Amino acid sequence: MPVPRCSGPCGGARPAALRRPRTGGAVCRTCFCSAFEAEVLSTLQTGRLLPPGAVVAVGASGGKDSTVLAHVLQVLDARHALGLDLRLVAVDEGIGGYRDAALAAVRRQAARWQLPLTVVAYAELFGGWTMDEVARRAAQEPGRARACCTFCGVLRRRALEEGAQRVGATHIVTGHNADDMAETVLMNFLRGDAGRLARGGTLGSPGEGGALPRCRPLQFASQKEIVLYAHFQELDYFSEECVYAPEAFRGHVRDLLKALEAARPSVVLDLVHSAERLALAPAARPPPPGACIRCGALASRSLCQACALLDGLNRGRPRLAIGKGRKGLGEEGEREGCTSKTRGRPTLAGAIQAF
Amino acid sequence: MCQVGEDYGGPGPAELQPKLPWRGCEQKCMKCKEGLPVLIIRAGDAFCKDCFKAYYIHKFRAMLGKNRLIFPGEKVLLAWSGGPSSSSMIWQVQEGLSRESAKRLRFVPGVIYVDEGAVCGQSLEERAKTVAEMKLILQTVGFPYHIVSLEEVFNLPASVLQPVSQGPQGPENTYKEAVDGFIQQQQRLPEEGGQEAALSDELRRLSTRDPVGPEEAAGDSLPRPAQSTALTTLFSSVKTLTAKEELLQTLRAHLILHTARLHGYSKVMLGDSCTRLAIKLMTNLALGRGAFLAWDTGFSDDRHGDVVLLRPMRDYTLKEIAFYNRMFGVPSVFTPAIDTKAPEKASIHRLMESFILRLQAQFPSTISTVYRTSEKLVKAPRNGGAAGPVPTRCLLCMCTLDIDSADSATAFGAQTLEHLSQKPTPPPGAPGRPCCTRGTELPRACCRGPQPASQREEPRASFIEQLCYSCRVNMKDVPFLEPLPPYILTEAQCRRQRIGEIKPVATGGCGFLLGTLTQIRPSGVPLPSSWPTSSGRAGPREGASWVAWVKQEIQEFLFEESEGEDPDGN
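Protein sequence lines correspond, in order, to chains A and B.
Following the working numbering, the numbering of the first sequence begins with 226 at its first residue and continues without gaps.
Following the working numbering, the numbering of the second sequence begins with 304 at its first residue and continues without gaps.
The hints are simulated quantities; they were obtained by calculation from the structure and are not laboratory data.
Keep in mind it's a predicted model, so treat the numbers as computed, not measured.
Be aware that one or more of the hints could be misleading.
Derived EDC-like pairs: lysine to aspartate or glutamate, alpha-carbon spacing no greater than 20 Å straight-line [as the list claims (entries may be wrong)]:
| # | chain 1 | residue 1 | chain 2 | residue 2 |
| --- | --- | --- | --- | --- |
| 1 | A | Lys483 | B | Glu856 |
| 2 | B | Lys352 | B | Glu377 |
| 3 | B | Lys854 | A | Glu349 |
| 4 | B | Lys570 | B | Glu761 |
| 5 | B | Lys648 | B | Glu794 |
| 6 | B | Lys406 | B | Glu377 |
| 7 | B | Lys362 | B | Glu678 |
| 8 | B | Lys369 | B | Glu398 |
| 9 | B | Lys622 | B | Asp353 |
| 10 | A | Lys483 | A | Asp461 |
| 11 | B | Lys648 | B | Glu398 |
| 12 | B | Lys479 | B | Glu377 |
| 13 | B | Lys334 | B | Asp348 |
| 14 | B | Lys644 | B | Glu429 |
| 15 | A | Lys483 | B | Glu480 |
| 16 | B | Lys438 | B | Glu480 |
| 17 | B | Lys854 | A | Glu358 |
| 18 | B | Lys378 | B | Glu480 |
| 19 | B | Lys648 | A | Glu466 |
| 20 | B | Lys336 | B | Asp348 |
| 21 | A | Lys483 | B | Glu647 |
| 22 | B | Lys779 | B | Glu761 |
| 23 | B | Lys570 | B | Glu480 |
| 24 | B | Lys854 | A | Asp310 |
| 25 | B | Lys336 | B | Asp353 |
| 26 | B | Lys854 | A | Asp461 |
| 27 | B | Lys406 | B | Glu429 |
| 28 | A | Lys483 | B | Glu656 |
| 29 | B | Lys854 | A | Asp302 |
| 30 | B | Lys378 | B | Asp605 |
Okay, chain A solo, but in the shape it has when bound:
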């Protein structure tokens, strides 16, 4: 079958190199890359996410999303003079055989793009706890799932915030893509997390109570297009999966999303659209957050979730802060009028736990 001509702005001057997953149109490499970049720019501009002069901490994991994110931001900044000061922040969770290799990729990228890199390690921030250590402790109860992702997610966001503060950033960007958001809304329904559903939204968090505003410039880009873009730009990224990923509940949802996309390619954006338009009862929304009494970070209760989790770990009871009750943490009594249903799970720093 002859290769069709590009249907993009070049008007067929070049043969098509790929077919865009969502729309099926055949485009050449140049048109695809410029279209991709234009869409990211549009997300930034219409959402007014990054004002000029912003010092932007890019959460870099070495994986495809954050690599593409950093690359595109650089390109857009240079091309359109957005006035952004980009700094890479990488988080070292201490997962052997995975994170060290990923960090090597981040270091290579930082060297190539000439961007300053800061690495924040769990071990340093959280009193010697690495994810491997957490996993070992949490695995001590037989017959129960380990909940590694719970710990890692909360602690990583805390670490990212810390890293961003260290480099003096005004904004944090992460590489969450449309597939992540779609998976998250499905997960939240399956887990019954009305709090996150109510809090979530596609424009990131504005930043409250001293936490930095966060956004996700790639949030409407499909995962396949990110991989295609990285392929065409020949970006060097780390492509292994986390060692603990097979245990995660998200895996179920990811498989479902794969299958749904085959039945209807636009399902990812349809899910994001649904998520934007959810209407939850006011009682389901989480209470306005205050500050953690221990570390000062944003918290819905007296202790932020990171401190609560660490507390549990330190006391030898890893599940202390997970699930209902959180008894025995020595926190103040429940907020008035707050039933167990509306408490939900507190997050920190306007964290993007919803999407």
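Mind docking chain B on chain A? Use the hints.
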């Protein structure tokens, strides 16, 4: 599973059910502590037969009583599909009506059955047989019944799609006041005499085109073959099973609505069970109906104004219904549906159903969690409001439009941008005409002849404009508007004229139009081999398989570079 608010990781994957001290016949019913248990529901509650029956009946009445939406003496239409849930519902209504007067349910029921055999591939004999079985059961039940076939959508008047605004209802309208109002209205009717009767006659006149007479409780005549053919043509022109199912649901809803209006029913009861509603909720999320979840899965659905749809069975799991039906002999009739025997990956509905049921087997609280979350959804109007003081409604699903073309910081905005950036800029003289120029990937029908382009695209574009997000996505799989029943096309035309023909087609509609005629997925591409089989996830997946899958997946989107091509950029 990571349940929020519950002790994390209840039973791990290895341990599916909590261990019951099953000592055989020593265990007693957990309610009366005396009888021998015959079944276990929920997470280990054993019930004896009588307690189960009492529990089941109580649940039904509690659902009706708690919501207090049904007025005494009101006419309620029960939608019966022949399946176990709706059969159980009818049985409960029958039971409730025959009790002692104090606790008796006090409304006037009727039953409707929609014969969808034409769409499900049944022959006329099979349909006649099924209808005969249905009638047998309906006669024993004793309520007035209406058997309508789906072909009658071709006779519907366009008024079906016009929302009826409810009378001004104060926010403090208590149930008692509402009942009083209703009774007054009923008493007024015989005086106002022919008004209601006239309305019914009017509807009747508009709806039936041929002089056979109104479709009455008899409904003996099978539909005309021309209409059956029209229906099958419509459904075979729809490209995907997902869109077919959605279209079927829409048409069925309109038909039931019309029948209810025709015969003076102000409420319709649907037999959706908890399991079905949980699946429906997740399916609707994937279809882009996040804004309307409260209407689609809540207890009451008042989008049509005068006729309210109720779901009294929404607290029952399919397991409870099945057990009840079996133990107490509730009759039901099996009819194939449009997706019977379809492969698992054929439509979003099927995929979601198998996913949820599989997950439920592994994590037994899945469905109840989704149900609980759905109870927290409210029927909030969109903030920011659509254009104008009265928000426009979707043409097909009658919900308030959830698309705001001006707001591009959304998924919808991103999609239209994607479409627009892909095309060469259209000639400035025709802002609403995304006609194909050189560089289009497929030579489309609209450009084969020079003239029909404008005439065919304009009505379609304005049609699409009147739809909500999910209906638009569905319409992408419906290539031609002509096979649609006339009432839809007429109403679309009316609305277009009301808005004004000169209104420029907004970029939103334009963008979707571009997508409608494009083949979205390359056909004949084999699915990646590392996809999960229908047996589901047996355990932890291989570490790197997902990332490898994504890389493999993009291979299908790349074109092979042929030799001798322009090396520029490739």
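Q. Holds or violated: are the alpha carbons of Lys378/B and Glu480/B at most 20 Å from each other?
A. holds (18 Å)
Q.
Just to be careful, I want the Cα atoms of Lys483/A and Glu480/B compared with a cutoff of 20 Å; is the pair within it?
A. violated (52 Å)
Q | Restraint check for Lys854/B with Glu358/A, where alpha carbons must lie at most 20 Å apart | A | violated (32 Å)
Q) Under the criterion that the straight-line Cα-Cα distance not exceed 20 Å, is the pair Lys406/B, Glu377/B satisfied? A) holds (16 Å)
Q. CA of Lys483/A to CA of Glu647/B, is that 20 Å or under?
A. Answer holds: Lys483/A to Glu647/B is near 13 Å, not above 20 Å.
Q: Verify the proposed pairing of Lys648/B with Glu794/B, using a straight-line Cα cut of 20 Å.
A: Answer violated: Lys648/B to Glu794/B is near 35 Å, above 20 Å.
Q | Pair hint outcome, Lys779/B versus Glu761/B [Cα-Cα no greater than 20 Å] | A | Given that 20 Å is the threshold and the Cα spacing comes to 15 Å, the pair holds.
**Q.** Proposed proximity, Glu349/A with Lys854/B (alpha carbon, max 20 Å)
**A.** At roughly 35 Å apart (the allowed maximum being 20 Å), Glu349/A and Lys854/B break the hint.
Q: Starting from Lys483/A, check that the Cα of Glu656/B is at most 20 Å away, please.
A: At roughly 15 Å apart (the allowed maximum being 20 Å), Glu656/B and Lys483/A satisfy the hint.
Q: Take a quick look at whether Lys352/B and Glu377/B sit within 20 Å of each other, Cα to Cα.
A: violated (33 Å)
Q: Would you check the hint for Lys479/B and Glu377/B, treating anything up to 20 Å between C-alpha atoms as holding?
A: Roughly 14 Å between the alpha carbons, so the hint for Lys479/B and Glu377/B holds.
Q. Holds or violated: Lys648/B with Glu466/A, Cα cutoff 20 Å?
A. Between Lys648/B and Glu466/A the Cα gap is close to 26 Å, so the pair fails against 20 Å, i.e. violated.
The structure fails to meet hints 2, 3, 4, 5, 10, 11, 15, 16, 17, 19, 24, 27, 29 from the earlier list, while all remaining hints are met.
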